[in-house]
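Protein chains: 2
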Amino acid sequence: MSLSKRIPIFLLRLLALGATVSATLVMITSHDSAQLFNMKFEAKYTNSPTFKYFVLMNAIASGYTLILLFFPSKSSYGHLILILDLVMALLLDSSISACLAIGQVGKNGNSHAGWLPICGQVPKFCDHVTGALVAGFVAAIVYFLILLYSLHNVMNLFLLKT
Amino acid sequence: MSLSKRIPIFLLRLLALGATVSATLVMITSHDSAQLFNMKFEAKYTNSPTFKYFVLMNAIASGYTLILLFFPSKSSYGHLILILDLVMALLLDSSISACLAIGQVGKNGNSHAGWLPICGQVPKFCDHVTGALVAGFVAAIVYFLILLYSLHNVMNLFLLKT
Chain Y
11 MSLSKRIPIF LLRLLALGAT VSATLVMITS HDSAQLFNMK FEAKYTNSPT
61 FKYFVLMNAI ASGYTLILLF FPSKSSYGHL ILILDLVMAL LLDSSISACL
111 AIGQVGKNGN SHAGWLPICG QVPKFCDHVT GALVAGFVAA IVYFLILLYS
161 LHNVMNLFLL KT
Chain D
11 MSLSKRIPIF LLRLLALGAT VSATLVMITS HDSAQLFNMK FEAKYTNSPT
61 FKYFVLMNAI ASGYTLILLF FPSKSSYGHL ILILDLVMAL LLDSSISACL
111 AIGQVGKNGN SHAGWLPICG QVPKFCDHVT GALVAGFVAA IVYFLILLYS
161 LHNVMNLFLL KT
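Chains as they are written, first to last, in the numbering used here: chain Y, 11 to 172; chain D, 11 to 172.
In short, the hints are calculated from the structure, not lab data.
Each hint should be verified, as a subset may be incorrect.
No copy labels: a pair is met if it fits in one copy or bridges any two.
[As the list claims (entries may be wrong)] In silico DSS-like cross-links for lysine-lysine, where the CA-CA straight-line distance does not exceed 30 Å:
{"id": "1", "residue 1": "50", "residue 2": "62"}
{"id": "2", "residue 1": "134", "residue 2": "117"}
{"id": "3", "residue 1": "117", "residue 2": "54"}
{"id": "4", "residue 1": "50", "residue 2": "134"}
{"id": "5", "residue 1": "54", "residue 2": "134"}
The task is simple: from the sequences and hints, build the whole structure.
Below, the structure written as C-alpha cells:
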C-alpha cells in the first residue's frame, strides 16, 4: 500500500486507540455510592456483566489497535487485517449497544418490569458511564470508517485492474 | 458475478431472511401476564424500547434481504451492496447485543441496582424473547458469512488480476 493511503489509516487507528483507551479507563473509574434507608448502595462497573463486557471489548480493541499501529504493513496480510477490523467493529458495536440498553434502564427505569432508575441516587456513576459510551461510540464510528476506507481501496484497485 | 458464486450468496440470503422474519415474528408475538399482589402485570415487547429496537432492526433487515434476493446483480452495484451488507450486519449485531443485555437482567435481575428478575413471573414471555434472540443470532452470523464470502470473492479477484 502506498504511503498516501497508509497515512489516513494510521491517523484513524490513532483516533480509535484514543477512543477505546478512554472508554476503558472512564468505565473502570466509574464509581459512586449513596445512602438509602440505612443501606449503603455502591455503584461500580463490576456490578453489571454488561459493563464488564464493555470494558473487556474496549481493552481488546485497544490492544489490537496498538499492535496494528506498528505493524509492518504487508499486502499479504491485507485480507486477514480487513477481517480482523470487521470483527473488531462488530465487537465494539455489540459492546456499546448492550451498554446503552442497560444505561437506558439505569436512567429511565422500566415501570412495567418494576425496575427503578438509579441515576438519581448515583449521578457520578451515570456520568462516567455516559462518558464511556460516548468514547465507545466514537471508537465504533472510527472502526466503521477504517472498514469503509479499506474496502474503498480494495475495490478501486480491483476496478483499475479490470 | 458468475452463477457458481451467486448461488451460495442466494442461499445465505434465503437463510438470513428466514432468521430475521422469525426473530421479528417471535418477538412481536411474545406476551404473558401474571397476577402479583392484586396487580396485573403484563409483559409484551412494547414495554421495552430495546425490544422495539430489536423488532425494527429485524424488520428492516428482512425487507432489505428480500429485495436483495431478487435484485438483478450487476457488478456496478457490488460496492454499494457490500457496504449495505456491512451496515445490516452492524445493525443486527447491535440489536441482539442490546436485547441480550436486557434479557440477562430479566432472567437474573441485578441485586446491586435493586432490579428483580421477571422471568419467574412471565416464563412464556421470556421463552419468546429467548427464541427471538436465537433467531436474531443466526441472522447476525449469516450476515457475517455473507460479508466474509463477498470479501473473499473481491480479494481473490483482486489477487488474480495483480
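Evaluation of the provided hints:
1. 50 x 62: within (22 Å within a copy, 35 Å between copies)
2. 134 x 117: Answer is both; intra-copy 12 Å and inter-copy 27 Å each pass.
3. 117 x 54: both (15 Å within a copy, 21 Å between copies)
4. 50 x 134: within (16 Å within a copy, 35 Å between copies)
5. 54 x 134: within (10 Å within a copy, 33 Å between copies)
Hint compliance for this structure: every hint is met.
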